[in-house]
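K.L.:
In case you want the letters, here they are:
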Amino acid sequence: MIYEINNLNFAYSEKNILNDLCFKADEGEIVTILGRNGAGKSTLLNCMLGLLKPRRGTILLAGRDISKMSEREIASIVGYVPQIHIASFGFSVLEFVVMGCASRIGLFSKPGKRERMDAEAALRELGIENLSDKPYTEISGGERQKAVIARAIVSKPRAVLFDEPTAHLDYGSQLLVLRIIKELSGKGYSVVITTHNPDHALLLGGKAALMDDTGTLITGSVEQVVTQENLSRIYKADVRLEYIENVGRMSCVYSNL
Amino acid sequence: MTVNVVLRIRLPRILASVLVGAALSVSGAVYQGVFKNPLVSPDYLGITSGAAVGAATGILLAMGTAFISLFAFAGGIVAMLLAMSLPVLLRNNSNIMLVLSGVIVGAAMSSVLGFIKYLADPESQLASIIYWTMGSFSYVTSKELLIIAPIIILPMICLFCMSWWIDVLSMGESDARTLGAKVTLVRSVALGCATLLTAASVCIAGTIGWIGLIIPHIGRLLVGPSNRKLIPLAALTGGLFMLTVDTFTRTVSVSEMPVSILTGALGVPFYCWLLYKQRKTLL
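Which chain is which? The protein sequence lines are H and P, in order.
Counting from 1, one number per residue, gives the positions in the first sequence under our numbering.
Counting from 1001, one number per residue, gives the positions in the second sequence under our numbering.
Since the hints were made in silico from the structure, they are not lab data.
Watch out, some of these pointers could steer you wrong.
[Said to hold, decoys possible] Covered stretches of chain P, going by a simulated chain H footprint (3 or more residues, C-beta under 8 Å): (1) 1007-1021; (2) 1030-1043; (3) 1161-1175; (4) 1223-1236.
All C-beta atoms in this analysis are idealised placements derived from N, C-alpha and C, irrespective of residue type, glycine included.
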């Protein structure tokens, strides 16, 4: 088991955000977290990265208590793709991806040939080796997201966390990123993503976790959890799940506005 | 006689201007990287004004040049410590908080400087305080240079060795943390070294503006943003630039012109150009 979360509680001063959360993510497994704005999806990811300290409960990462691990140790096991990444300086895509190796570089040291080769391999894996020398600030949103994913996997972590990886992308790029996520799980990474689109959970399959406004989590397989009733309750909207014959899968649609 | 002039007066001065130019440029590059903001310079964190207050205090107390330098140095360090402890007190250790507390400390130091000027004897002390805040290499002695040189060279080597981490830090704090950077440690060491550089420069040459902003930018245009290349290049070009400026101000008129006048005259249009280029990305 890569991630094992037991009775996790988190609160910002008085306000309870996460309430007795439990879930597990194994190798090669995808967990899609759905929930309304402000429900605590990003907070949960930040706890899983060790950036926020939970009030109660434990997070086990590869069998070890995350609260007893340094950020550096966590970074060597978990790759992270943030929601939006704004760079102030125009590093080349290659230089940017090499930074994913930071967890194995000493304070007065710098990345060498090995890191460079790993970064090139990661770029190839995502099919953006042609962007290697381009300034990171001058590529498209979809390309940038691929570069961030390359950076997250360059040091061969065991889990990759995505915070709304499709939020700022056009339709085509969204599908592309989802496909990459699916491929990553196929390669054995444990993948946890947050998203606003229930269809993404249906497309990715695996596990889903629905977070409601009280900060509790309903977890299970996508088929069990992503249901018409649950979605309608969580989003307080008339959400329908329909089987679309022409594409041969369930899809999430609105009946009307 | 000629040999004497060259070795005892000109040589220290040349070395000092090269060192100070390099120090200010490298510290500028580091501040810009750490604060992930290409528009900041060593004048941030109130270090320059803190050092100016220290020097002015020394002048006010009618101390010798050695003590004035020492006071300048202490003033810079105090300002840096104040600016770095404010975010800790307010329990928000973000970059924007650090920049804002630098603004606060800078403002406080300016008002203290104003008070010292008000107390100073207008006949002698006030003039030398003002001249000092405009920057000059004319008082550099080889003895002073020997003390200051290691305080410039050692932090510079340290910064060069950790230059890659400054790249990582420029990705932003939470990003750097998820990559596995020891953000607090890297930031403290980098800012500490950069502050030593700034304070040491102010200590021998007074306050010299703009160079810490201009040179890193020219460097980035030449070799890109990677600090592994930028820091050595900034040291080289900054040193040469300062030497040129000092030589120019020394020879252009009969009485010597303070260097800050020329660096300011070059810096202002440059900053405007920079803002023009970045007008779309600045929020």
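K.L.:
Does each hint fit the structure? Answer for all of them.
P.N.:
Verification of the supplied hints:
1. 1007-1021: Since three or more residues must qualify, the claim that chain H covers the segment 1007-1021 of chain P is violated, with 0 doing so at under 8 Å.
2. 1030-1043: Holds: 4 residues of the segment 1030-1043 of chain P have a Cβ under 8 Å from chain H.
3. 1161-1175: holds (count 12)
4. 1223-1236: holds (count 4)
Violation of the numbered hints given earlier is confined to hint 1; every other hint is satisfied by the structure.
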